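Asks: Below are the chains, spelled out letter by letter.
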Amino acid sequence: MTERNRELLNLIAVGMLTAIGFASVYIARSAEVSAGSLSYAGFFFLLYLVAHLVGRYCVPNADPYLLPLAGLLTAIGLTEIYRLDPEDAFRQGMWIVIGVALFSLTLIVLRRDYRRLESYKYLFGLGALTLLMLPALPVIGTTVNGARLWVRFGPLQFQPGELAKIMLIVFLAGYLREKREVLAQGRLKDFGPLLVIWGGAMLVLVQTNDLGSGLLYFGVFLAMLYVATARLAFVLAGSVLFAAGAFGVYQFVDRVQQRVAIWLDPWQDASGDGYQLIQSQYSIANGGFGGTGLGQGTFSTTGGTELIPYLNTDFIYSALAQELGLVGSAALLLVFMLFVVRGFRIALMTDDGFSKLLAVGLTFTFALQTFIILGGILRLIPLTGITLPFVSYGGSSVIANFVLLAGLLLVSHRANAERR
Amino acid sequence: MNPQISRLALAALALLVALIVATTYWQTWAVAGLEARKDNAIQRVAQFSIRRGVMYASDGRTVLAANRRKKVKGQTLYFRRYPQRGLAAHAVGYSTQVRFRTGLERSLNDYLTGANAHLDTVLDTTLDRLRGVTIKGNNAVLTLNARAQRVALKALAGNCGAIVALEPRTGKVLVMASSPTYDPNAVEQNYRLIKRIRAACRPASPLLNRAANGTYAPGSTFKVVTAAAALDSGRYKLSSTFVDPGYCIEYGKRVQNYDTTRPFGRVNLLQALQHSINSVFCEIGKTLGPETLVRYAKRFGFYSRPPLETPEDERTASGLYRKGRLFEPKDSSQADPGRFAFGQERLLVTPLQMAMVAATVANGGIVMKPHLVARILSPGGSVVTRTKPRRLNRALKPESARDLTLMMEAAVSAGTGTAAAIPGIRVAGKTGTAETGVKGRNTTSFIAFAPVDAPRVAIAVILENQSGTGGKTAAPIAKTVMEALLGVRSNS
Numbered sequence: 001m002t003e004r005n006r007e008l009l010n011l012i013a014v015g016m017l018t019a020i021g022f023a024s025v026y027i028a029r030s031a032e033v034s035a036g037s038l039s040y041a042g043f044f045f046l047l048y049l050v051a052h053l054v055g056r057y058c059v060p061n062a063d064p065y066l067l068p069l070a071g072l073l074t075a076i077g078l079t080e081i082y083r084l085d086p087e088d089a090f091r092q093g094m095w096i097v098i099g100v101a102l103f104s105l106t107l108i109v110l111r112r113d114y115r116r117l118e119s120y121k122y123l124f125g126l127g128a129l130t131l132l133m134l135p136a137l138p139v140i141g142t143t144v145n146g147a148r149l150w151v152r153f154g155p156l157q158f159q160p161g162e163l164a165k166i167m168l169i170v171f172l173a174g175y176l177r178e179k180r181e182v183l184a185q186g187r188l189k190d191f192g193p194l195l196v197i198w199g200g201a202m203l204v205l206v207q208t209n210d211l212g213s214g215l216l217y218f219g220v221f222l223a224m225l226y227v228a229t230a231r232l233a234f235v236l237a238g239s240v241l242f243a244a245g246a247f248g249v250y251q252f253v254d255r256v257q258q259r260v261a262i263w264l265d266p267w268q269d270a271s272g273d274g275y276q277l278i279q280s281q282y283s284i285a286n287g288g289f290g291g292t293g294l295g296q297g298t299f300s301t302t303g304g305t306e307l308i309p310y311l312n313t314d315f316i317y318s319a320l321a322q323e324l325g326l327v328g329s330a331a332l333l334l335v336f337m338l339f340v341v342r343g344f345r346i347a348l349m350t351d352d353g354f355s356k357l358l359a360v361g362l363t364f365t366f367a368l369q370t371f372i373i374l375g376g377i378l379r380l381i382p383l384t385g386i387t388l389p390f391v392s393y394g395g396s397s398v399i400a401n402f403v404l405l406a407g408l409l410l411v412s413h414r415a416n417a418e419r420r
Numbered sequence: 001m002n003p004q005i006s007r008l009a010l011a012a013l014a015l016l017v018a019l020i021v022a023t024t025y026w027q028t029w030a031v032a033g034l035e036a037r038k039d040n041a042i043q044r045v046a047q048f049s050i051r052r053g054v055m056y057a058s059d060g061r062t063v064l065a066a067n068r069r070k071k072v073k074g075q076t077l078y079f080r081r082y083p084q085r086g087l088a089a090h091a092v093g094y095s096t097q098v099r100f101r102t103g104l105e106r107s108l109n110d111y112l113t114g115a116n117a118h119l120d121t122v123l124d125t126t127l128d129r130l131r132g133v134t135i136k137g138n139n140a141v142l143t144l145n146a147r148a149q150r151v152a153l154k155a156l157a158g159n160c161g162a163i164v165a166l167e168p169r170t171g172k173v174l175v176m177a178s179s180p181t182y183d184p185n186a187v188e189q190n191y192r193l194i195k196r197i198r199a200a201c202r203p204a205s206p207l208l209n210r211a212a213n214g215t216y217a218p219g220s221t222f223k224v225v226t227a228a229a230a231l232d233s234g235r236y237k238l239s240s241t242f243v244d245p246g247y248c249i250e251y252g253k254r255v256q257n258y259d260t261t262r263p264f265g266r267v268n269l270l271q272a273l274q275h276s277i278n279s280v281f282c283e284i285g286k287t288l289g290p291e292t293l294v295r296y297a298k299r300f301g302f303y304s305r306p307p308l309e310t311p312e313d314e315r316t317a318s319g320l321y322r323k324g325r326l327f328e329p330k331d332s333s334q335a336d337p338g339r340f341a342f343g344q345e346r347l348l349v350t351p352l353q354m355a356m357v358a359a360t361v362a363n364g365g366i367v368m369k370p371h372l373v374a375r376i377l378s379p380g381g382s383v384v385t386r387t388k389p390r391r392l393n394r395a396l397k398p399e400s401a402r403d404l405t406l407m408m409e410a411a412v413s414a415g416t417g418t419a420a421a422i423p424g425i426r427v428a429g430k431t432g433t434a435e436t437g438v439k440g441r442n443t444t445s446f447i448a449f450a451p452v453d454a455p456r457v458a459i460a461v462i463l464e465n466q467s468g469t470g471g472k473t474a475a476p477i478a479k480t481v482m483e484a485l486l487g488v489r490s491n492s
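Top to bottom, those sequences are chains A and B.
Going letter by letter, the first sequence gives residues 1 to 420 in the working numbering.
Going letter by letter, the second sequence gives residues 1 to 492 in the working numbering.
Treat the hints as calculated values from the structure; they're not laboratory data.
Be aware that a few hints might be false.
Here are some of the chain B residues that sit facing chain A, going by a computed Cβ distance under 8 angstroms [as the list claims (entries may be wrong)]: (1) 5; (2) 15; (3) 22; (4) 27; (5) 39; (6) 97; (7) 122; (8) 126.
Computed far set for chain A versus chain B, every beta-carbon distance over 10 angstroms [unchecked claim]: (9) 6; (10) 152; (11) 243.
This one's a predicted model, so the numbers in the text were calculated from it and none came from an experiment.
Ideal placement from N, C-alpha and C gives every residue a C-beta, glycine not left out.
Chain A extracted, bound-state conformation (with noise of 0.2 angstroms):
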């Protein structure tokens, strides 16, 4: 079987998936099957296959699973968001549009050859630094709960990091597949531009407020740095110096005190500052371990108030646990490792340093943002406000992730193209 014909029927098996997902929502709401779920399932299946289509003509080698799974992921979001807010799911429906048009758009355009986009790494790095400063501008610059990540344009909101993030994926793999023997010997003066990043991961952690995303991105680049380098006392020495960035911010930034204090302990301040968590692990804990069924599940008080803020960007693995229970999330979890075992077995198979640290770049990134934002939830690091890759509601996550899915698809199509 090729490996496209394998990715439409796995493709075929998530859009029953979906089907059945949303009929359930149906059924929990409005105790029928109308044909409104079935053509929320169809639509979404009829996306997909414009997209394997598209994948068709241009990556006909790529890896059959990456797309199926990808697929998985958003109708489980979109699912979840629809039983939350059949209006934000519609926007969903939307972005997800966008994004397998984007997705398309980027296969189209790099079909012959993307390692050419090494050339522009440079030009990507400075796009990655200008995207990453947009927030601090005065007019544009938006500051939502606590964090300026977001630029607004008239009725439209983007956050310009989700793209920012990959963009220095691209400039990295570019930068270090050049440098990466220099580096290796360890002369101080080499060590100038690690410096130069890591000061720009400081300012941005400062500049947004944000742990998470510092965390983020100068995680890549360490992971990137020691794939290119094999020098594990970079990593060491490069972890010191933010954990020096990180303490530094934390004395200075109460935010961070302040999400580091709730990580702790919630209930020191259970209405205030750790009522947003608290609700969380209530809801985690409802689920138990079958969950109480898509759209089953409690998120408003018997007056009808919402009882977790962001319930449906930020902590829809907190809803998801709820209804799915531990065999559900245990599942959801299980899917994105298969996706990270996918994108890191194409950095294996490939033979050139670009395309390797392109697809370890990607699909680290791609886990360490998952393991951020859920282990925020989850309280094994302080919380922050991230999404969760193709699941969460939002824009410029879901189109940033399409984007990072075509790149992966690509070097993969030539790792296996130049096997046969």
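Guided by the hints, dock chain B onto chain A, whose structure is given.
Replies: Structure of chain B alone, referenced to chain A:
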């Protein structure tokens, strides 16, 4: 670069495995602790998604607590509705979102939500949960007699006080009325209405269950306990004689009788109770000592919260109080035995406890465990549990109980309690008037049981801020409620 990639992949997978481990912790290990937390809003909402059991009066038809169905954000929730409004508000209590629960709504919560451990209930609710249908709680049939309860509340109207009526043989609570009452429907919907309730006392405290939580000076009704101690200890007989000088000397000071103008002179014990002569009981108290009085009071249930299905903090123990706490005197220097014997001396009682005293005498000296719940029924109608009568304790020898009955009967037939006499039925009773020092502020009480030969009802009535005596204020109320319970047509 491949070795590094493999290692990084392992690190990334380790992070994701940590998430699975953490999720497992929160969804298995930590669940019990989180669910038990009081501020767990989900658990609170979950309780409202259960169709709570209905509560009925003893007839099995009068609905005291029912449900009001409401859809909130696609979820069907059940809120409480009390069709009889204030009729049994204090015993039944309320179940609300904002003000939580009181009364049987709180203490029977497990039954009413189907969370009790009875095998059939567990099976039912588990099946309901698996099928995803609404869980139905068990229904409760109470022992309260709706008609008598209505009569009792009407008789109390405007006053502050309480009435408790028991079935002496079984301990069934037939009437538990506290005045002023309130409409439990208003607790969630319009709390201001409750705050606006006024009665002949300040504060009116309509939410307080005066029947079990209100503490009062018993006055002379306590003489029944003193007389019980006197007879049962063998120190006195019905025919023991005393000379009443109109006062009693304690610690070198005179303590006057209620009616100081007319000493009774030579009387026996029966007459002393019949006419409620303080000086006689004062002498008995001095002879017996406070320890003996406490010992007998305890046999009737004093010094511990009366057992009942209502929440513990809605019941108060009766006894001597010092600085807000119960205390047991070791000798006469710690409590004045004379005043104690006729129901003064920092003695505080609840109407429920005094009804238990009357019921014990009526029941030949055996204290029955009072209960409000007759049976719990599954949603399908089968019996989950049925309350069987339980004896708590023997307080008196049958002979002592019989003698006491004679004394109390004399008080109603030709003594202080004649207002409680019911034509054609032998009634035994005892009046009480505790002066507070302010005119028009007496706490009056009356305890009684009837019919004497085969008692079917024992009752205690306590009223606050009365200008008359127990015989004039409380006894007639006791009479009307007993008539309602005995099925006698009142001719007044």
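Asks: Against this structure, judge whether each hint is valid.
Replies: Right, here's what the structure says about each hint:
1. 5: OK, holds: residue 5 of chain B within 8 angstroms of chain A, min 5 angstroms.
2. 15: Result: holds, 4 angstroms to nearest chain A Cβ.
3. 22: holds, 4 angstroms
4. 27: holds, 4 angstroms
5. 39: Since the shortest Cβ distance to chain A is 6 angstroms, the answer is holds.
6. 97: holds, 5 angstroms
7. 122: violated, 17 angstroms
8. 126: It is violated, given that the least Cβ distance between residue 126 of chain B and chain A is near 12 angstroms, above 8 angstroms.
9. 6: Correct as stated: the minimum Cβ-Cβ distance to chain B is 22 angstroms, above 10 angstroms.
10. 152: Nearest chain B Cβ is 30 angstroms from residue 152 of chain A, so the label holds.
11. 243: The assertion about residue 243 of chain A holds, with a minimum of 17 angstroms to chain B.
Consistency note: the structure conflicts with the earlier hints numbered 7, 8.
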